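Please model the complete structure; the sequences and the hints are all you need to start from.
So you can see what is in the structure, the chains are spelled out below.
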Amino acid sequence: MLRYLLPIVVLVALVVLLAKGLQRDPGYVPSPLIGREAPAFSLPRLDEPSRLLTQDALRGDVALLNVWATWCAGCRQEHPFLMQIASERTIRIFGLNWKDDPVLAARWLEQLGNPYEAVGVDQDGRAAIDWGVYGAPETFLVDAAGRVLYKHIAPLTAEVWAREFLPRIEASRGRSTP
Amino acid sequence: MRSRPGILLVFILLTVQALAVDTEPPFEDAEREALYQRLTGEVRCLVCQNQTVADSTAPLAADLRREIRRMVAEGQTEAQIEDFLLERYGDFVLYRPRFRSSTAVLWLAPVMLLAVGGVALARVIYRRRRLPADVDADEDGPP
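Sequence order for the protein chains is A and B. So for the first sequence, this note's numbering puts the first residue at 1; every next one is plus one. So for the second sequence, this note's numbering puts the first residue at 1; every next one is plus one.
No wet-lab data here; the hints were simulated from the structure. Values in this document were obtained by computation on a predicted structure and should not be read as measured data. Even for Gly, the Cβ is constructed at its ideal location relative to N, Cα and C. Check the hints yourself; a few may be wrong.
Unchecked claim - What the simulated footprint calls covered on chain A by chain B, stretch by stretch (three residues with Cβ under 8 Å from a Cβ of chain B suffice, anywhere in the stretch; the number is not a length):
no., segment
1, 19-32
2, 119-130
Said to hold, decoys possible - If you want the ones that stay clear, here's a sample from chain A, every Cβ over 10 Å from chain B, calculated:
no., residue
3, Leu2
4, Glu88
5, Leu109
6, Tyr134
7, Gly146
Here it is, written out as structure tokens:
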């Protein structure tokens with residue numbers, strides 16, 4: 001009996017394993033930053049290059065750090081949603097302009113609107129490496145104490161926002177203001 | 001078809017040209033150059049995940065080559081540079097990830113599958129040896 005059943009059991013197990021594997025996104029790389037302190041950075045601000053934007057600006061309340069560039073199609077797709085979050089004043093949004101031309105970046109914000117409290121210019125991509133960035137747009141959620149809570153790779157959507165971001169934002173605010 | 005060695009030679013030379021992704025000059029110190037080559041050949045380009053940082057023309061790969069070059073020039077060890085990359089991009093960045101609980105299955109599965117196959121093979125051989133020589137070893141076969 002076993003010798004007939006065993007191959008079938010093994011086959012079913014293999015099919016289940018491979019089916020699960022097919023449903024996973026091979027492009028998804030889990031960030032080792034989650035739960036750790038946000039990497040330090042010091043970048044010239046897009047609006048005022050003589051002033052620096054550092055990781056300290058993110059502290060005090062939960063904040064988003066959004067990695068974007070004018071060459072990135074997904075960033076254009078996501079931009080209206082960032083504008084919506086900014087208009088609802090849910091959370092402060094900081095920008096990291098990644099490997100981009102600052103002139104084009106400034107024009108982009110003029111034309112499409114500026115959802116960011118401040119944008120740091122990372123022209124050589126050095127700060128982005130510290131954040132483990134590999135494909136814009138990427139959005140990090142950082143708590144009031146400066147710890148990374150979550151990372152989303154791909155354009156932000158209302159669905160992702162409601163499912164992944166809002167509960168974490170509320171939970172984090174609940175912890176920091178008892 | 002007539003062969004044309006001249007045209008063939010041109011194409012062969014063209015393919016050699018296409019390999020030159022990293023345009024930076026090599027390190028003067030042979031040991032550092034070897035370390036740099038080894039690391040860039042081991043680090044995955046996360047934008048185009050089936051290429052190494054040494055092979056890829058993606059801007060991120062160029063940035064990572066620059067960082068690896070900087071750390072090699074500073075005299076950092078292979079382990080230090082790998083730690084730098086692992087802290088930022090996780091285990092996936094190395095083509096040969098380090099052995100830890102999350103990568104244990106990856107490393108041990110081939111050995112375990114080989115062991116299972118070996119045991120199965122040994123059992124088949126053992127059974128067939130015990131059969132009388134005049135009986136067909138294949139039990140399911142025709143008499």
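Consistency of the hints with the structure:
1. With 6 residues having a beta carbon nearer than 8 Å to a beta carbon of chain B, the segment 19-32 of chain A meets the requirement of three or more and the stated coverage holds.
2. Using a Cβ-Cβ cut-off of 8 Å, 6 residues of the segment 119-130 of chain A lie near chain B, which meets the minimum of three, so the contact claim holds.
3. For leucine 2 of chain A, the requirement that its beta carbon stay farther than 10 Å from each beta carbon of chain B is met, with the minimum near 13 Å.
4. No Cβ of chain B comes within 10 Å of the Cβ of glutamate 88 of chain A; the nearest lies about 32 Å off, and the non-interface call holds.
5. Distance check on leucine 109 of chain A: its Cβ is at least 22 Å (rounded) from any Cβ of chain B, clearing the 10 Å threshold; non-interface status holds.
6. Non-interface call for tyrosine 134 of chain A relative to chain B: violated, since the shortest CB-CB distance, roughly 4 Å, does not exceed 10 Å.
7. For glycine 146 of chain A, the non-interface assignment is confirmed: its Cβ lies about 17 Å from the closest Cβ of chain B, beyond the 10 Å cut-off.
The structure fails hint 6 only (numbered hints given earlier).
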